[in-house]
Structures are given as C-alpha cells and as structure tokens.
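These are the residues of each chain, in order.
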Amino acid sequence: MRVLVLAAVSFITFRWVLIPIRTEGSSMLPTYTPDRLHFVNRLAYGAGGPGRGDVVAIQMAGPHVLYVKRVVGLPGERVAIAGGEVQINGTTLTEPYVRHRRPWDVAEVTLGPREYFVIGDNRGMSAGDHDFGRVQVNRILGRVVF
Amino acid sequence: MRRNAVIVLTVVTLAIAGWYLLVPGGGSANVRARLHALSDMINSSTVDGLGPEARAAQLGAFFTDDVDVDLGGGAAPIRGRETLIGMAGRLQPRTAAFRLQFEDVTITMAPGDAAADVHLTAEIIRRSITTGDESLDAREFTLGMRLVGGEWQIARVTAVDTLK
Numbered sequence: 264m265r266v267l268v269l270a271a272v273s274f275i276t277f278r279w280v281l282i283p284i285r286t287e288g289s290s291m292l293p294t295y296t297p298d299r300l301h302f303v304n305r306l307a308y309g310a311g312g313p314g315r316g317d318v319v320a321i322q323m324a325g326p327h328v329l330y331v332k333r334v335v336g337l338p339g340e341r342v343a344i345a346g347g348e349v350q351i352n353g354t355t356l357t358e359p360y361v362r363h364r365r366p367w368d369v370a371e372v373t374l375g376p377r378e379y380f381v382i383g384d385n386r387g388m389s390a391g392d393h394d395f396g397r398v399q400v401n402r403i404l405g406r407v408v409f
Numbered sequence: 002m003r004r005n006a007v008i009v010l011t012v013v014t015l016a017i018a019g020w021y022l023l024v025p026g027g028g029s030a031n032v033r034a035r036l037h038a039l040s041d042m043i044n045s046s047t048v049d050g051l052g053p054e055a056r057a058a059q060l061g062a063f064f065t066d067d068v069d070v071d072l073g074g075g076a077a078p079i080r081g082r083e084t085l086i087g088m089a090g091r092l093q094p095r096t097a098a099f100r101l102q103f104e105d106v107t108i109t110m111a112p113g114d115a116a117a118d119v120h121l122t123a124e125i126i127r128r129s130i131t132t133g134d135e136s137l138d139a140r141e142f143t144l145g146m147r148l149v150g151g152e153w154q155i156a157r158v159t160a161v162d163t164l165k
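Protein sequence lines correspond, in order, to chains A and B.
For the first sequence, this note's numbering gives the first residue as 264, with consecutive numbering after it.
For the second sequence, this note's numbering gives the first residue as 2, with consecutive numbering after it.
In case anyone wonders, no lab produced these hints; they're calculated from the structure.
Bear in mind the structure is a predicted one, so any value in this text is a computation, not a measurement.
Even glycine gets a Cβ: it sits at the ideal position worked out from N, Cα and C.
Any given hint might turn out to be false.
To be verified - Simulated restraints, written as ranges between beta carbons of each label pair:
1. 101/B x 347/A: 31 to 37 Å
2. 161/B x 293/A: 25 to 31 Å
3. 67/B x 375/A: 46 to 52 Å
Start from the sequences and build out the full structure, keeping to the hints where you can.
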C-alpha cells in the first residue's frame with residue numbers, strides 16, 4: 264500500500280510539478296554546465312509571471328525538449344543589446360552572472376503584454392550561435408531550481 | 002475494505018494515466034509510425050551502405066511531389082521533392098555522424114483521416130568525428146501530412162521560431 268502511494272505521489276510530482284531535466288549545450292555557462300541534473304518547478308508562476316533574473320524552462324513542441332534561459336525583459340519593456348550590454352528602457356542592466364561578453368548588438372524591441380525577453384548567460388559565444396529573444400508567457404513551463 | 006478500495010483506486014488511476022500518456026489514438030498511430038520510420042531511415046543512412054540513388058528513392062517516398070519546406074531564418078523555401086532530395090544528397094557527406102529523433106509529437110487528424118497536422122520537436126544529436134563528444138540541437142516544426150496511395154507523406158514542413 265505504501266509503495267503504491269509512494270509510486271503515485273512520485274509519478275505526479277515528477278510528471279507535473281517538479282520536472283527533472285538534463286542540461287545540454289553551453290549557452291547558460293557558467294551558471295549551468297552541460298550534463299547536469301536540474302528540476303523545473305511548474306508551480307513557480309501560479310500567482311504571477313516570471314521576474315527579471317529568473318532562469319526559466321521554455322517549451323518547444325512539448326515538455327521533453329526545453330530551452331533554459333534567463334529572463335531579462337518583462338512585458339511592456341523596451342529591450343536592446345548594445346556592445347554586449349542589455350538595455351532595459353534605455354538603462355543598462357546589471358548582470359553579475361555574465362562572465363564574458365562579446366559586443367553583441369540587437370535593435371530595440373518593445374515586448375508585448377504577454378512577452379518576456381530571454382537570453383543565456385554565456386555572452387562569450389557568437390550571437391549567431393546563441394538562441395535568445397522574445398517568448399510568449401504560455402511557453403514558459405516553470406522556473407529552473409536546484 | 003477501505004484499504005482495498007484505495008489500492009484499487011490507485012491502480013486504476015495509474016493505469017488510466019499510463020494509457021493516456023503512452024498509447025496514441027488509433028487515427029494518428031499510422032502517422033506516428035511513418036515519422037518513426039523516417040527518422041529510422043535517416044539514422045541508418047550512415048551505416049547501411051546504400052548508394053545515393055537508393056537513398057534518394059527511400060527518402061522520396063516520405064514526401065509528396067509538391068512538398069514545401071520553409072526552414073525560416075531567411076533561408077529560401079525548398080519547393081518540390083526532387084529539389085529536396087537533391088539538397089539532402091549534397092548535405093549528407095558533411096552530416097554523417099548524427100542521430101535524428103522526434104519528440105513531443107502532437108498529431109491532429111483532419112476530417113476523413115486523409116490529412117494530418119503534426120507539431121513536433123526535432124532533435125539532432127551530432128557526434129564529433131574527432132573527439133566523439135555529442136552535442137544536441139533542437140528545432141520546433143509543424144508538418145502537414147497527406148495520405149497518398151495508402152502511405153502517409155509529408156506535404157509541408159515549417160520551422161517554428163520558439164524565440165523570436
């Protein structure tokens with residue numbers, strides 16, 4: 264009986280609440296290194312959307328392949344990248360988690376009411392090799408924890 | 002008595018959840034199998050020793066004559082099966098060490114079950130020839146598929162920009 268309950272609770276928890284993920288790639292270095300186990304808390308944003316600086320999991324066609332990115336721009340804000348520095352409404356964003364920067368330049372965009380701007384911590388790579396940009400809130404699966 | 006009821010309820014709940022998660026609907030099972038066959042064929046292409054003509058014939062069977070491929074990112078659309086096969090043939094020598102798999106496949110059957118819309122993530126795991134290290138690329142796609150002569154074929158491939 265206890266085993267059944269434990270199995271049911273584990274199934275529900277790791278399927279719908281705290282999803283285990285294995286990181287791949289270098290776009291979140293140095294914060295997240297490849298081949299490490301982390302979890303996505305799907306209940307993190309039940310009462311409100313992500314905050315600036317949150318590391319979130321973003322789903323593609325479904326929950327099995329995800330982007331892991333950091334939120335830098337919130338709905339309604341103007342976001343640009345100039346010389347590798349993220350600008351929010353014209354002000355440079357302080358990002359202590361970024362170690363290396365290349366001089367990326369991205370023209371200013373204004374985020375929609377349900378859009379966030381996400382980007383990886385590794386700005387030392389070429390911008391062309393790094394997936395980043397605007398994402399609709401409904402694609403954000405949850406917050407990456409542990 | 003109450004304990005037995007809880008056990009039965011738990012088992013039934015898990016069985017229903019398992020069925021829901023693991024067993025595709027009957028109408029979409031053939032589409033799913035066809036996509037699986039496509040990835041198997043592409044993945045075996047590095048080891049089965051088939052020549053370019055046999056490979057082209059195999060690959061062509063998965064696409065309609067008028068297939069339309071839009072990979073986005075400013076790339077010119079690819080129109081027609083012959084063009085697609087020609088491009089694939091030219092790419093093959095440079096991409097020998099890779100494995101393709103489809104994840105999160107959602108299939109929506111059209112009325113009459115002769116067409117289907119598919120939404121999936123394509124994962125490409127590349128293996129470095131020099132170091133043996135693997136790297137993963139993933140891209141989201143929508144596909145339009147049609148039943149032609151009893152076989153499901155891909156009529157449209159559109160890349161989806163997850164991040165814009």
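### Task
Using the beta carbons of residue 161/B and residue 293/A, state whether their distance is inside 25 to 31 Å or not.
holds (30 Å)
### Message
Taking 31 to 37 Å as the stated bounds, is the beta-carbon spacing between residue 101/B and residue 347/A within them?
### Response
Given about 34 Å between the Cβ atoms, the range holds.
### Task
Given the range 46 to 52 Å, decide if the beta-carbon distance of residue 67/B to residue 375/A lies inside it.
violated (35 Å)
Comparing the model with each earlier hint shows a violation of hint 3 alone; every other hint is respected.
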